[in-house]
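A.B. asks: Here is how the chains run, residue by residue.
2 protein chains.
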Amino acid sequence: MTEFKNLDKAPSYAALKAAAPADLHKELNAERILRSNIPVGGGLTFNYACRPVTDASFSLLQKLADEQQVIDKYKMLLSGEVMNTGEKRLVMHQLTRGECAGSVTADGHDLGAFYREQQQRIAAFAEKVHNGTVTGSTGKRFRKVIQIGIGGSDLGPRALYLALKDGAAAAGTLKMEADFISNVDPDDANGVLNGVDYETTLFILVSKSGTTQETLTNQAFVLKKMADAAIPGLTPSRHMVAVTSATSPLAKSDDCLDAFYIDDYIGGRYSSTSAVGGVVLSLAFGPQVFADILAGAHEADLNALNPDITANAALTDALIGVYERMHGFGATAVLPYSQALIRFPAHLQQLDMESNGKSVNRFGEPVDYPTGPIIFGEPGTNGQHSFYQLLHQGTDTIPLQFIGFTANRTGNDLSIDGSTSQRKLNANLTAQMVAFALGKEDDNPNKRFAGNRYSSLIYGKQLTARALGALLAHFENKVMFQGFLWNLNSFDQEGVQLGKVLTKKVLSGDMSPELKAFDSLLNG
Amino acid sequence: MTEFKNLDKAPSYAALKAAAPADLHKELNAERILRSNIPVGGGLTFNYACRPVTDASFSLLQKLADEQQVIDKYKMLLSGEVMNTGEKRLVMHQLTRGECAGSVTADGHDLGAFYREQQQRIAAFAEKVHNGTVTGSTGKRFRKVIQIGIGGSDLGPRALYLALKDGAAAAGTLKMEADFISNVDPDDANGVLNGVDYETTLFILVSKSGTTQETLTNQAFVLKKMADAAIPGLTPSRHMVAVTSATSPLAKSDDCLDAFYIDDYIGGRYSSTSAVGGVVLSLAFGPQVFADILAGAHEADLNALNPDITANAALTDALIGVYERMHGFGATAVLPYSQALIRFPAHLQQLDMESNGKSVNRFGEPVDYPTGPIIFGEPGTNGQHSFYQLLHQGTDTIPLQFIGFTANRTGNDLSIDGSTSQRKLNANLTAQMVAFALGKEDDNPNKRFAGNRYSSLIYGKQLTARALGALLAHFENKVMFQGFLWNLNSFDQEGVQLGKVLTKKVLSGDMSPELKAFDSLLNG
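Protein sequence lines correspond, in order, to chains C and A.
Position one of the first sequence corresponds to residue 398 (the working numbering), numbered consecutively onward.
Position one of the second sequence corresponds to residue 398 (the working numbering), numbered consecutively onward.
Hint data in this document are derived by calculation from the structure and do not stem from the laboratory.
Careful, some of the hints might be misleading.
Same chains, same names: a pair is fine if it fits in one copy or spans any two.
[To be verified] Below 30 Å or equal to it, Euclidean Cα-Cα: the simulated DSSO-like pairs (lysine-lysine) are:
1. 541 to 572
2. 621 to 572
3. 837 to 472
4. 897 to 485
5. 537 to 621
6. 837 to 622
7. 649 to 913
8. 572 to 622
9. 423 to 897
These figures come from a predicted structure and were not determined experimentally.
Chain C extracted, bound-state conformation (with noise of 0.2 Å):
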């Protein structure tokens, strides 16, 4: 029987504790480097070999790994358990993209199939907007596509457009451009609806509830912008599209055009893959893109059910990061060297954050080690000339994530000095990768580099629509490993809920004094 029990019940957790970070300085050489490699799905290989661990903390990871009995848990969730158990709901993303584990039916249905009768309604759907079929009111094309939504509606789907937007455009195939509004700030809405053409642009409402403050404000922002600008003809609710659950208000709305649908089981973070990135990812690229990202991503899932650790790389990167954790790392930087990725890195701080960002265990018991580290990063070679002194040379560790490719995603280069931008992009990869690891003795301790700064590298030919799903799905895959370890429920987020109500006594005036006190401040 799969026992759920907290890291330091396991049998190795001490010797874990006791196990020093590896000395790179000793550890490290083109031979380990060669060694420590595990393919992640979608033609992309995880590298390990600048994280600290030996060859016997390795051991005892797949031990922690055998003891907290994690594939038979990622099992139970494919084959459709309650693993959130706080909000009592399966937990079904990867099922998005394809089976792991046989069917799952719940509510009287094949779950999978619902998945997929909702992805082929999406491509039909985009095929007849790419076609002409399905116009806007006043009979133009759609030109442009902007998605309302926010946190889960808003990242992924939107770090996903980045990724493929230009190297689409480059290759002649981008189907229409997207933009996203998100914040309740009116100036966000104000500033992507500043000269769009309404009458070529179509809106997705992207709400699982239906009744997401920001959202729901936003969409009226728009109806409202529509109307004043009095375009005859236009009709706004032929404008405008909804991804939401079966049941929620928005499902039958008057205001849209049509609905696709995700389900409970879908939480948001984890959500990429469902509808909320179908629709938005399908009208810019095509389909058979979207259907490209959930190969990778399924890929990505079949991999992580290794149980040895040496062949899934997903649960090899969770492990070493708990292992990072019990060593007093705080936090995790995302560093990937492909400008595609910009917004990569904070779709990965909320899946990552919000996911483990718990002090209580599955059961509700407080657990007494560190959880989720702080995730950040921007793009490099920027980030180098940005935080990347502390990350040599402060006081605290940072462990680091890489990313890179071989080739860019718009095939456009030029050769300069001798070079390539392609070919010095990765030549500054590299040599981060061994500045920190290495460092560099000096007799001015200014310009001393002390090394064992922690890194691993995820790497590919180039960011193709699969390798992109695979990138995804480990980081998914990753952080759910890491919930099994820590044994948190990481689909749950009640620590968002507190802001929600207090926000509501704000607005309702029914305010404490210190509620009071700052919204005076506010109120000028």
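Using the hints provided, position chain A relative to the given structure of chain C.
C.D. replies: This is chain A only, laid out in the frame that chain C set:
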């Protein structure tokens, strides 16, 4: 005589270490909120009611400031002492916005006069571009400006541009759209240049040394793309101006129409108020808007001279930050409730982490206390649906810096369900501050909020250009004061050198086995 000594040599250090962070459940009330306010400048106010200080520890912080003679050091800096000891340079960014301590002469000339002269040259140039006296080489007016620069030549100017853009567009005062190319990844330049009309575009090449690899590569990239466009009559050099030091190879380059100058006394991350920010901001918004930014920053610089910490917002912010680092808090999140400040956290990330991410003091001796924290952040309310879960209920406490305004930038808003979007935005901000500070008890530990998650608030009526300048200077001065307290040189960045050296080795083929191994992975 001003004594530079390590933080732990200050007499009040031990008492501050021993003083436990405030329990806000006991300390926080409306009276504390209403009295914990300090003017920043530019119409902004800093509120520290929810930071972890009691009246007793606040008094100790005043003592610490006095013992570390931080105001004396600030005056030394302002009056032209060599405060960047490692690089043997003056530190003059405050002088770009006005004299705080009289004139400063170096290298045989008055530096303030030099910065003013550059500002006037920029203003005259911008006017000529705006009125059509200076046009593109085919006779068309310039409509767009694209800055090529990285790090400090990118993050600050970009953050300031984005902060003012949508408001200016809504008011009809946006004179030119701006964009930015920074990353050596060719996808960055390809993405920005996609669809650009070269005839009406002016590029600004920004590199103090004139030798930055990324920037020179991107300049060559842009010139090649312009040549490839084969536009009859187009002369690329008439579409490019430089911002550089007078001694750099770019200063008299035939590639450029004109050049505007900075000097070695303006560090990259402190250069937004020099020509580095001045050219793009004056072109985008007009010279008066840039002058307003400088005026706000100058006001904050003057306020930072006050030795009484109850009247010096930047110094109080700095002191509390140092206290938080003493007590084990490893990061600070910057959370602007203003979509316009979307990239301001990324600028502060560089400003802070590159300045104080150091392990040796200004004499090159190791320090044995934690220095600069991790800085990260995203605008609210977006962050609430992302990483706030960890901020509320994670195992580590992360102090927060909120920023908010009574009115939005674009002036356009709408009342929905009884409140405007701006009102909802600020209700969320008020709610979050109180939720973080006071938490909430609950029988279900998963729904429990411990509180004592510390935060401060910078607030004002609206994010005007003047307020934006003050906000920028507040953080610059905070970082400077923290450097004085920790006894660091906040103005060098030796931690970025090793990567540059190893990158050259990779590109030249002169690689260690470890470099070679990683290089082979990335080359497919």
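A.B. asks: Does each hint fit the structure? Answer for all of them.
C.D. replies: Hint-by-hint comparison with the structure:
no., hint, in the structure
1, 541 to 572, "both (9 Å within a copy, 26 Å between copies)"
2, 621 to 572, "both (27 Å within a copy, 28 Å between copies)"
3, 837 to 472, "neither (46 Å within a copy, 36 Å between copies)"
4, 897 to 485, "within (21 Å within a copy, 52 Å between copies)"
5, 537 to 621, "within (21 Å within a copy, 37 Å between copies)"
6, 837 to 622, "neither (58 Å within a copy, 39 Å between copies)"
7, 649 to 913, "neither (39 Å within a copy, 59 Å between copies)"
8, 572 to 622, "both (25 Å within a copy, 24 Å between copies)"
9, 423 to 897, "between (51 Å within a copy, 24 Å between copies)"
The structure does not agree with the numbered hints 3, 6, 7 stated previously, though it agrees with the rest.
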